[in-house]
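I would like the entire structure built from these sequences, with the hints used as guidance.
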Amino acid sequence: MTNSIGEIRDADFLFVIGSNTSEAHPIIAMEMKRAVRKGATLVVADPRAIWMTSIAKKHLPLNPGTDVWLLNAMAHVIVAEDLIDREFIAKQTENFEQVKAVVASYTPEKAEAITGISAGDIRWTARQYATTEKAGIYYTLGITEHAHGTDNVYALANLVLMTGHLGKPSMGMNPLRGQNNVQGANDAGATPMFYPGYQRVDDPEVRAKYEQSWGVPLSPVPGLNLNEMMKTAGEQMRGFFVMGEDIALSEPNVLQLEKGLNEVDFIVMQDAFLNETARFADVILPAAVFAEKEGTFTNSERRVQRVRKAVDPPGEARADWEILVMLANKMGANWSYKNPGEVYAEMVKDAPQFAGISHEKIDRTAGEDQMTGVQWPCPTPEHPGTTFLHENGILRGKGLFTPVHYVPPAELPDENYGLFLSTGRTLYHYNAATQTRRESGLHAKQSEAYLELHPRDAKKRGIRSGDLVEVTTRRGSVQVRAMVSRQVRPGCIWMPLHFAEARANVLTNDVGDPITGTAEYKVCAAEVRLLKSMSDSEYLFPGSYYDVRGPEL
Amino acid sequence: MNELTLNGQTARFAEGETLLDIASRHGVEIPTLCHDPRLDPAGACRTCLVEVEGERLMTPACARTARGGMVITTENARIDRHRQTLMALYMTDHPHERESEVGSPDLLLDMAARFNAPTDWGWMHPIRDVREDRNPYIDFNAETCIACARCVRYCEEVEGVSAIALVGRGSHTTISTVDEKSLLDTTCELCGGCIDVCPTGAMNEKLPLMRGQKPERKLQKVRSTCNFCGVGCQLDLNVDPEGRDGLGQIVKITSPPPGATTNDGNLCVKGRFAYDFVHHKDRLTHPLVRGSDGALHPTTWDDALQRAADGLMGVAERRGADAVGFVSSSRCTMEENFLVQKMARVLFRANHVHQCAAT
Numbered sequence: 001m002t003n004s005i006g007e008i009r010d011a012d013f014l015f016v017i018g019s020n021t022s023e024a025h026p027i028i029a030m031e032m033k034r035a036v037r038k039g040a041t042l043v044v045a046d047p048r049a050i051w052m053t054s055i056a057k058k059h060l061p062l063n064p065g066t067d068v069w070l071l072n073a074m075a076h077v078i079v080a081e082d083l084i085d086r087e088f089i090a091k092q093t094e095n096f097e098q099v100k101a102v103v104a105s106y107t108p109e110k111a112e113a114i115t116g117i118s119a120g121d122i123r124w125t126a127r128q129y130a131t132t133e134k135a136g137i138y139y140t141l142g143i144t145e146h147a148h149g150t151d152n153v154y155a156l157a158n159l160v161l162m163t164g165h166l167g168k169p170s171m172g173m174n175p176l177r178g179q180n181n182v183q184g185a186n187d188a189g190a191t192p193m194f195y196p197g198y199q200r201v202d203d204p205e206v207r208a209k210y211e212q213s214w215g216v217p218l219s220p221v222p223g224l225n226l227n228e229m230m231k232t233a234g235e236q237m238r239g240f241f242v243m244g245e246d247i248a249l250s251e252p253n254v255l256q257l258e259k260g261l262n263e264v265d266f267i268v269m270q271d272a273f274l275n276e277t278a279r280f281a282d283v284i285l286p287a288a289v290f291a292e293k294e295g296t297f298t299n300s301e302r303r304v305q306r307v308r309k310a311v312d313p314p315g316e317a318r319a320d321w322e323i324l325v326m327l328a329n330k331m332g333a334n335w336s337y338k339n340p341g342e343v344y345a346e347m348v349k350d351a352p353q354f355a356g357i358s359h360e361k362i363d364r365t366a367g368e369d370q371m372t373g374v375q376w377p378c379p380t381p382e383h384p385g386t387t388f389l390h391e392n393g394i395l396r397g398k399g400l401f402t403p404v405h406y407v408p409p410a411e412l413p414d415e416n417y418g419l420f421l422s423t424g425r426t427l428y429h430y431n432a433a434t435q436t437r438r439e440s441g442l443h444a445k446q447s448e449a450y451l452e453l454h455p456r457d458a459k460k461r462g463i464r465s466g467d468l469v470e471v472t473t474r475r476g477s478v479q480v481r482a483m484v485s486r487q488v489r490p491g492c493i494w495m496p497l498h499f500a501e502a503r504a505n506v507l508t509n510d511v512g513d514p515i516t517g518t519a520e521y522k523v524c525a526a527e528v529r530l531l532k533s534m535s536d537s538e539y540l541f542p543g544s545y546y547d548v549r550g551p552e553l
Numbered sequence: 554m555n556e557l558t559l560n561g562q563t564a565r566f567a568e569g570e571t572l573l574d575i576a577s578r579h580g581v582e583i584p585t586l587c588h589d590p591r592l593d594p595a596g597a598c599r600t601c602l603v604e605v606e607g608e609r610l611m612t613p614a615c616a617r618t619a620r621g622g623m624v625i626t627t628e629n630a631r632i633d634r635h636r637q638t639l640m641a642l643y644m645t646d647h648p649h650e651r652e653s654e655v656g657s658p659d660l661l662l663d664m665a666a667r668f669n670a671p672t673d674w675g676w677m678h679p680i681r682d683v684r685e686d687r688n689p690y691i692d693f694n695a696e697t698c699i700a701c702a703r704c705v706r707y708c709e710e711v712e713g714v715s716a717i718a719l720v721g722r723g724s725h726t727t728i729s730t731v732d733e734k735s736l737l738d739t740t741c742e743l744c745g746g747c748i749d750v751c752p753t754g755a756m757n758e759k760l761p762l763m764r765g766q767k768p769e770r771k772l773q774k775v776r777s778t779c780n781f782c783g784v785g786c787q788l789d790l791n792v793d794p795e796g797r798d799g800l801g802q803i804v805k806i807t808s809p810p811p812g813a814t815t816n817d818g819n820l821c822v823k824g825r826f827a828y829d830f831v832h833h834k835d836r837l838t839h840p841l842v843r844g845s846d847g848a849l850h851p852t853t854w855d856d857a858l859q860r861a862a863d864g865l866m867g868v869a870e871r872r873g874a875d876a877v878g879f880v881s882s883s884r885c886t887m888e889e890n891f892l893v894q895k896m897a898r899v900l901f902r903a904n905h906v907h908q909c910a911a912t
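Chains A and B supply the protein sequences, listed in that same order.
Going by the working numbering, 249 is the number at position 249 of the first sequence; the sequence numbering is gapless.
If you want the working numbering, it's the position in the second sequence, counting the first as 1, plus 553.
Treat the hints as calculated values from the structure; they're not laboratory data.
Note that the structure is predicted; figures quoted are calculated from it, not measured.
Yeah, the Cβ is synthetic: ideal placement off N, Cα and C, and Gly gets one too.
A few of these clues could be false.
Here are some, though not all, of the chain B residues that point toward chain A, as calculated from beta-carbon distances under 10 Å [to be verified]: (1) Asp593; (2) Cys744; (3) Lys759; (4) Gly785; (5) Cys786; (6) Asp829; (7) Thr853; (8) Val877; (9) Glu888; (10) Val906.
As structure tokens, then:
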């Protein structure tokens, strides 16, 4: 996030796209609710009528995967009606003319035909966004989990840059991070392209610095990203070390991946629970969970906060960092870290934008009158941290406009697979659900997988709520119970990703974004058929928002 | 100029501030029960009444917007007498005994003791209906409820789901749901904010009660960061150090007070209630290795680490270091991610290290 979570309450216009905020980020949703209560205008762009649409001024139910058309058409309106921030563009950005030329052909009328959003709504949203000073964009995996996710992000960034919505509170470009330490894992260099602090592995100067620090020659070749590693499992990839992720549940097109994992020579897995990946593991190392260890997580707003040990782990389970030190030493390293604070200190030593942060500094912020944690950039120990970015000019020098053209999703519905399938998280579970499915209340609220489909599509296939159905794509099929709901639009179906007995990722497409490798979890072609009528249970989850009948579409 | 007089001192204020805001900024404490900085003022509990010069009646500091030139008194004999009387009245149908505090703290008992309120003004048997609810997380004890509606207002104003409401009239007033449905069958999202804001412990966490665990005041709070989504909520792990034969047991999770954390005192259903997994019987407690029979067998750390090291180094020797991939985790700490990438880069001389990040 360029800006901070606490600034959301003071925003006057919120453009939420590809984010089911109230389920995936409930506390950020509370900030948005607070803004709306204070009079802010909320616009939600999402194929589903998610909860947030119930307090939105406008819901833009775009056709899945047509984000670039919607966003370029908004840019078109902003340029055509001269709502751009000329001074900001001239002083702080480059390459505007290219974007201007590209969006010229993305008229709202043409966009209406492709996105399904009326030209009037596109114009209204563009005008509101451009003319409101405190206007923020909030997005998450609905933007990035596409074969063209990077294009979607560029299209959003173009809107931010052309309207100058950057460098002040309550605006900016705000990806809401999905996991406790997504931001931190990337910051710490667990990524094939970068050392800690986004320093490129193919930059000779940077590499020389790390060769000096670590005392060994380092590879100048960027590594494979997760998507590529999974696709080459059993071919190039012959050994895996897997910590804290259930790849056989969470990666797309898992049946294909399982074939590859069967060909892999050796897999070490480090986790707190047995999971689907355990079936392929040769060695399993028992790990402590967050409440049993020390360390730090970095949240969506770049805030580094402490994780503290409250209880001892069960049996012989050990903290992940301890296990990593032991394992590295078995493989010939000579690591002598006594605690995570020492590891953190080593990390920030070579990463300038974290250099001022330490465990001790974070611990000092735990008072009542100071915000807890330290937000990077924080280059020196005296630096207070940074609540919003780009205040004194854009960090890379000039904000770069990047023209993007619409490319359709990799797989669209056809005569055999007539429906759009999208997948995601629910409020009551979390990713592989090894933790949340062991909780009584979460189980009481949502005990099993389900498939949302529109009454019209259900009727066509003779399906009623509660019936057992089979969902099939080109990659596989799963059995789940149907939930007939107007939360999804006609022609679209939706499934949660949490349930091992009905793995949504048997169905999903593993085509990856050309730059990030992030897979297209959000769009593929699927078909549904009735397996068994179970009409005695009309409501799967009484009281849940999913059962609230949305407006007729 | 926006200035008023607060207990004889000149105090500046911003447009729209309430008397309570100004007092707390100037370090003057005014007692409150129904007030919450996240909510619109309600003026329901009457504990924050103060005197404004020239006005016959006392006024609730939480709900009164300041005006220039006001002369405010927050402590005097009349205000003391009011607080004593109010507490004594609350006590006529509120359990007096500290032992009745089984879970969350009852701040009303603290306040009554602090103001030395008489507790012998008679006893009205509480006539509020007791409601059974099969939801496993939120317990409501009508007997200790003072109908201040802080929970109801939180449910509407902060969480935005309006699952609970004040129902009944007069002394029958209590907290309930539409048609007295279970919270599981309402719009409730089990965020537990009602428990967090309740000043009297009437809203309580159900699991620790059912398990007969120690009340909150006897637990140790350890401040940490939630391990679910990327918001980074601060939470307090409430630990019984004697639990699990001295290994320590998480009894409940509470949110730190609003104000100094990203979550501003709020938590969601997962952050507040999903902690049973920590002590779950399915946790891995021993290293496991796959035997020649194809099954997983427990072993010692030394054996497991040696096999893991030999296995990974063996792949590198046979197929090249380029053949080993490291899947790190955005669930683990910064430090752990740093160590994994260092392991890949230093010991295997390759950059095949990534994790499940997609934003």
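**Asked** Going back to the hint list, which numbers does this structure go against?
**Response** none
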